[in-house]
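Top to bottom, those sequences are chains X and V.
Read in the working numbering, the first sequence has 16 at position 16, and its numbers run on one by one without any break.
Read in the working numbering, the second sequence has 528 at position 528, and its numbers run on one by one without any break.
By construction, these hints were calculated from the structure, which means they are not laboratory data.
Because the structure is a prediction, the values reported are computed rather than measured.
Warning: the hint list may mix true and false statements.
Stated by the list, open to error - Below, a list of computed lysine-lysine pairs in the DSSO-like style, where the Cα atoms sit at most 30 Å apart:
hint: 1; chain 1: X; residue 1: Lys268; chain 2: V; residue 2: Lys107
hint: 2; chain 1: X; residue 1: Lys268; chain 2: V; residue 2: Lys640
hint: 3; chain 1: V; residue 1: Lys520; chain 2: V; residue 2: Lys640
hint: 4; chain 1: V; residue 1: Lys46; chain 2: X; residue 2: Lys49
hint: 5; chain 1: X; residue 1: Lys48; chain 2: V; residue 2: Lys631
hint: 6; chain 1: V; residue 1: Lys235; chain 2: V; residue 2: Lys640
hint: 7; chain 1: V; residue 1: Lys46; chain 2: V; residue 2: Lys215
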Amino acid sequence: MTPTARPDAPFPRMTGVPFDPAMFKDVRVNLSATERRAASLTTRRSVKKDHQAAWLAQAITCIDLTTLSGDDTAGRVQRLCAKARQPLRADLMAALGLDALSVGAVCVYPTMVGPAVRALQGTAIPVASVATGFPAALTPLPLRLAEIRYAVAEGAREIDIVIPRELALTGRWSELYDQIAQMRAECGAAHMKAILSTGDLRTLGTVYKASMVAMQAGADFIKTSTGKEEVNATLPVSLTMVRALRDFRDLTGQIVGFKPAGGLKTAKDAMAWLILMREELGVRWTRNDLFRFGASSMLGDIERQIEHYVTGRYSATYRHALA
Amino acid sequence: MASIRDIMDTMDYGPSPEASGEVRAWLRGHAGGIGHFIDGAFTKPKAPLVDVLNPATDEVIARLSHAGAAEVDRAVAAARAAQPGWAALGGHARARYLYAIARHIQKRERFLAVLETMDNGKTIRETRDIDVPLVARHFYHHAGWAELVESEFPGMGPVGVCGQVIPWNFPLLMLSWKVAPALAAGNTVVLKPADLTPLTAQAFAEICAEVGLPKGVLNIVQGGAETGALVTGHKGVDKVAFTGSTAVGRAIRQQTAGSGKKLTLELGGKSPFVVFEDADLHGAVEGVVDAIWFNQGEVCCAGSRILVQESVAARFFDLLRARLQTLRVGDPLDKSTDVGAVVSHRQLTRIRDLVASGVADGALLHSADVELPATGSFCAPGFFTGTAPAHRVSQEEIFGPIATTLTFRTPGEAAELANDTRYGLAASVWSQDIDRAISVASGIKAGVVWINGTNMFDAGAAFGGMRESGFGREGAREGLAEYLAPEARRKGSPRPAPGQVPVAAPQGDGVADGIDVTAKLYIGGKQARADGGQSYTVRDASGAVMGQAALANRKDVRNAVEAAAKAGGWGGVTAHNRAQVLYYLAENLAQRAEEFAALLARATGATPRSARAEVEAAIARTFWYAAQADKVDGAVHATKSRHVTLAVNEPWGVMGLVAPDEAPLLSMLSLMLPPLAMGNRVVVVASQSHPLIAARFMQVVETSDLPAGAVNILTGARDELAEVLALHDEVAALWYCGDAAGVGRVERASSGNLKAVWTDGGQSRDWVRDGQGREWLLRARQVKTIWLPYGE
Numbered sequence: 001m002t003p004t005a006r007p008d009a010p011f012p013r014m015t016g017v018p019f020d021p022a023m024f025k026d027v028r029v030n031l032s033a034t035e036r037r038a039a040s041l042t043t044r045r046s047v048k049k050d051h052q053a054a055w056l057a058q059a060i061t062c063i064d065l066t067t068l069s070g071d072d073t074a075g076r077v078q079r080l081c082a083k084a085r086q087p088l089r090a091d092l093m094a095a096l097g098l099d100a101l102s103v104g105a106v107c108v109y110p111t112m113v114g115p116a117v118r119a120l121q122g123t124a125i126p127v128a129s130v131a132t133g134f135p136a137a138l139t140p141l142p143l144r145l146a147e148i149r150y151a152v153a154e155g156a157r158e159i160d161i162v163i164p165r166e167l168a169l170t171g172r173w174s175e176l177y178d179q180i181a182q183m184r185a186e187c188g189a190a191h192m193k194a195i196l197s198t199g200d201l202r203t204l205g206t207v208y209k210a211s212m213v214a215m216q217a218g219a220d221f222i223k224t225s226t227g228k229e230e231v232n233a234t235l236p237v238s239l240t241m242v243r244a245l246r247d248f249r250d251l252t253g254q255i256v257g258f259k260p261a262g263g264l265k266t267a268k269d270a271m272a273w274l275i276l277m278r279e280e281l282g283v284r285w286t287r288n289d290l291f292r293f294g295a296s297s298m299l300g301d302i303e304r305q306i307e308h309y310v311t312g313r314y315s316a317t318y319r320h321a322l323a
Numbered sequence: 001m002a003s004i005r006d007i008m009d010t011m012d013y014g015p016s017p018e019a020s021g022e023v024r025a026w027l028r029g030h031a032g033g034i035g036h037f038i039d040g041a042f043t044k045p046k047a048p049l050v051d052v053l054n055p056a057t058d059e060v061i062a063r064l065s066h067a068g069a070a071e072v073d074r075a076v077a078a079a080r081a082a083q084p085g086w087a088a089l090g091g092h093a094r095a096r097y098l099y100a101i102a103r104h105i106q107k108r109e110r111f112l113a114v115l116e117t118m119d120n121g122k123t124i125r126e127t128r129d130i131d132v133p134l135v136a137r138h139f140y141h142h143a144g145w146a147e148l149v150e151s152e153f154p155g156m157g158p159v160g161v162c163g164q165v166i167p168w169n170f171p172l173l174m175l176s177w178k179v180a181p182a183l184a185a186g187n188t189v190v191l192k193p194a195d196l197t198p199l200t201a202q203a204f205a206e207i208c209a210e211v212g213l214p215k216g217v218l219n220i221v222q223g224g225a226e227t228g229a230l231v232t233g234h235k236g237v238d239k240v241a242f243t244g245s246t247a248v249g250r251a252i253r254q255q256t257a258g259s260g261k262k263l264t265l266e267l268g269g270k271s272p273f274v275v276f277e278d279a280d281l282h283g284a285v286e287g288v289v290d291a292i293w294f295n296q297g298e299v300c301c302a303g304s305r306i307l308v309q310e311s312v313a314a315r316f317f318d319l320l321r322a323r324l325q326t327l328r329v330g331d332p333l334d335k336s337t338d339v340g341a342v343v344s345h346r347q348l349t350r351i352r353d354l355v356a357s358g359v360a361d362g363a364l365l366h367s368a369d370v371e372l373p374a375t376g377s378f379c380a381p382g383f384f385t386g387t388a389p390a391h392r393v394s395q396e397e398i399f400g401p402i403a404t405t406l407t408f409r410t411p412g413e414a415a416e417l418a419n420d421t422r423y424g425l426a427a428s429v430w431s432q433d434i435d436r437a438i439s440v441a442s443g444i445k446a447g448v449v450w451i452n453g454t455n456m457f458d459a460g461a462a463f464g465g466m467r468e469s470g471f472g473r474e475g476a477r478e479g480l481a482e483y484l485a486p487e488a489r490r491k492g493s494p495r496p497a498p499g500q501v502p503v504a505a506p507q508g509d510g511v512a513d514g515i516d517v518t519a520k521l522y523i524g525g526k527q528a529r530a531d532g533g534q535s536y537t538v539r540d541a542s543g544a545v546m547g548q549a550a551l552a553n554r555k556d557v558r559n560a561v562e563a564a565a566k567a568g569g570w571g572g573v574t575a576h577n578r579a580q581v582l583y584y585l586a587e588n589l590a591q592r593a594e595e596f597a598a599l600l601a602r603a604t605g606a607t608p609r610s611a612r613a614e615v616e617a618a619i620a621r622t623f624w625y626a627a628q629a630d631k632v633d634g635a636v637h638a639t640k641s642r643h644v645t646l647a648v649n650e651p652w653g654v655m656g657l658v659a660p661d662e663a664p665l666l667s668m669l670s671l672m673l674p675p676l677a678m679g680n681r682v683v684v685v686a687s688q689s690h691p692l693i694a695a696r697f698m699q700v701v702e703t704s705d706l707p708a709g710a711v712n713i714l715t716g717a718r719d720e721l722a723e724v725l726a727l728h729d730e731v732a733a734l735w736y737c738g739d740a741a742g743v744g745r746v747e748r749a750s751s752g753n754l755k756a757v758w759t760d761g762g763q764s765r766d767w768v769r770d771g772q773g774r775e776w777l778l779r780a781r782q783v784k785t786i787w788l789p790y791g792e
């Protein structure tokens, strides 16, 4: 299926496919060629004025507003959820002619799912929980699976699992497949995003293979980073994952989403990744059921840019509500 | 107007036009017409003025004076007058001017980008991100060469006045490729831009005025083909450099034949783009975008013949079709446009005609599904499947955004298909296997090979073609060398006509004593009788008959070239191996030194002492070139980070060598040795008057382990054989040491396959003192630039 007919056309939830190394073992990724394309994506396309404002509003709907810190508290999470409900000041909403706008999800640690769910009651905003020994994924598999069960039981509708990098770095792809498939089973109705920790995988070839294995094992989304690695989401890595996703779609007919995370801080980043999605996959992949940003500070910059569009004056940070 | 909510639904890019107000104001300032830039002054535009259109809108944006003979004369005279002073300024002073030009180009970068886009139709994305930055880079690089030329090229100086004619596809960039090295080396310039795209040259002249470039150093004459011919044919021009079509290049070769002008030609191409099954297919698809869909396909080095390994062809074409649909075609000033307007309606018609011929031949055209603007000359990008090598679209340069495709099975077949063209400008090779990529890159006849990339340029890497894509290089040390000449001009006397004229009829007198000697030709490793069954009597210095030499005809040339063409192995053996063979040749010659000295003395009338000196010089020279065989290294250029950019020396292939009468042994060896050392196979036309020296020398060759076909020697009528060699399309380069009239004849005849011709201007030389050097080795090779980006 190619969900391009309508911007929000529904599609069947992906199921994954049996482990099939033939889908990735001969695929080669050339770094320089990937970098060239990544670099020219944003120089080949330019979005200005009302179009830019609309694109930034669209970006807001794709944000997984995130807090994943050791000092997270219920109070902090409530504040974040309040921002998730009203990401943009009311006067700016009115100026854009928008009546409703909310972020894609709120993303927290498992123990913060409960407070988040309560804080978002009455909205359609899902709570996403990281799980499976985030961020290192080095706890025993039963514990990692139990963590998914816990988060789902707390009300998480999306689970951001993280893959054990060892299995990718040593080429134990079928083991990786088995673990991710078990995680998907634990998720049940909750959608699963598979974090590849691309900064740890290092080479684009490994990123491609890990993407394929995660999709074969049933990941609804593939996601770049935990935000805790040295290198977070980059355009070349994202391009590689998006191409894997496209290849997987062409081979299996199944639809998978993409989530870059970590290091995305500016409205300019938001535009770059939206251009990537639109160019490589089409408009359908700029909707939040197929595309998310894992970000926390990006929203603030987007708000400032939108205010500039509305008022013609450059804006200041303190004029927008904290997350 | 669409609401924010609507745009969120469609995620349209919306318009984002680059501001053109400054350029429009400049154009209004030139509303009276564009004239020429001669001797530091802008000429008053003179009627009749010819309209210059913006091809994206068909709007007249300027009106152009076309220079006639009077203007071209004045420009050449100004350049001539300015040249000694410009050269005398010295490298550092010239460097300051070139540096200032580079800086000013950067200061005016947006203006130049917008002007180029409006003049040519190419997208602002490309003029802004590619053309103009490369222009600045070229002037910086050559500011450096100006500074260094004296120390880096000792004994070399400027050529003089350069007449340069550039095309419309990269107007300012091609201007920079021509002007920067010429000025750096101390030459002065008369440049003729294309009449379709004259405006950035005008702006460039204004920049030169702005930086205070001395008057007459750069002169720009505007106009069309007629003006161009006036420049390239002008008596006062010492060096002609041309970039453009092969047809015009051929005409210039004919026009300049025998004029003594130094010539470089950068011509057309039908460059292969080879995708192996182990390539990054997505990367290769983007490569196609940057190849044939770059600059509307109006790129001489565009990867226009896509060759895909059969195992991945279906998938690759699927990906390519999908990518094609995301290209945006339209207003080139819009920052989200990928493909702008082709340069003119005439060019568009040409593209359409060729594409129609592909469809008529049964190929399937895949076109971008785009709505083309109602006005302007726009062409939907696309590619063919189902094209065959025999189709016209596979052979001719479309010069539009349409590629042909072919599939192949093995790396060998890929290289064979890649080389199945009369051109040899560039190639792309896509494979993640380094062995495969480099072996295919070295197997393809092209001046530039990009591995896992395409259309990469840098002022520090040579660019230029093989075969009918022209000769000479632009950029890097090799490019600068094209604008230099030895400071001490050799003063030889005009070479007289050969002393003996071959006559096939019996002469009535003969050799009195001894057993009759059968002198033959040497073809394909064997002594062979002349095809025509004819010989000519050879007389010694006293007029007595020395014997008869085989009288070669055109079929012997054909046979010799065929034998040479088959002996490709000589270029593949190690340089050490070639050195060994040349040493062995010297050894075998040394064993017969007395015999050759006696023969020379008798044939030429030389004193025994000078005959012995010639033989000794021949032996020493053979040693010298044997020594050089493994020491003429290529280079690794510093271009971009994480790119290895190799300059590889490659033999031309089959070289024709035409020897003079003077010093018949030494001159022949002086011509043969450098090509052999560099891996060429040679067909030598020996001294017409002293053929028996060459005939005896065949025995030395026979005993020296040279593979069959590497050396072929013909005797007979020099200029008749030279002309057949010059006309032969398999001969890639020709060295001619005959007379002045012969120089013109072979240069004219060489225009068929545009072989590189070197002559000594028909001036005799003292071969002992002057006939050996590194420049001979460099002439015996062509540079292939291989770009290899790396990283994982």
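Going through the hints against the structure:
Of the pairs offered as hints, the one joining X:Lys268 and V:Lys107 holds, with about 26 Å between alpha carbons and a cut-off of 30 Å not exceeded. A threshold of 30 Å between alpha carbons decides the hint, and for X:Lys268 with V:Lys640 the separation of about 26 Å falls inside it, so the pair holds. For the hint pairing V:Lys520 with V:Lys640, the CA-to-CA distance comes to about 55 Å; that exceeds 30 Å, so the pair is violated. Proximity of V:Lys46 to X:Lys49 is assessed by CA-CA distance (about 45 Å); at most 30 Å being required, the pair is judged violated.
A threshold of 30 Å between alpha carbons decides the hint, and for X:Lys48 with V:Lys631 the separation of about 58 Å lies outside it, so the pair is violated. Simply put, V:Lys235 and V:Lys640 have alpha-carbon atoms about 41 Å apart, too far for the 30 Å limit, and the pair is violated. Between V:Lys46 and V:Lys215 the alpha-carbon distance is near 21 Å, which keeps this suggested pair within the 30 Å criterion.
Comparing the model with each earlier hint shows violations of hints 3, 4, 5 and 6; every other hint is respected.
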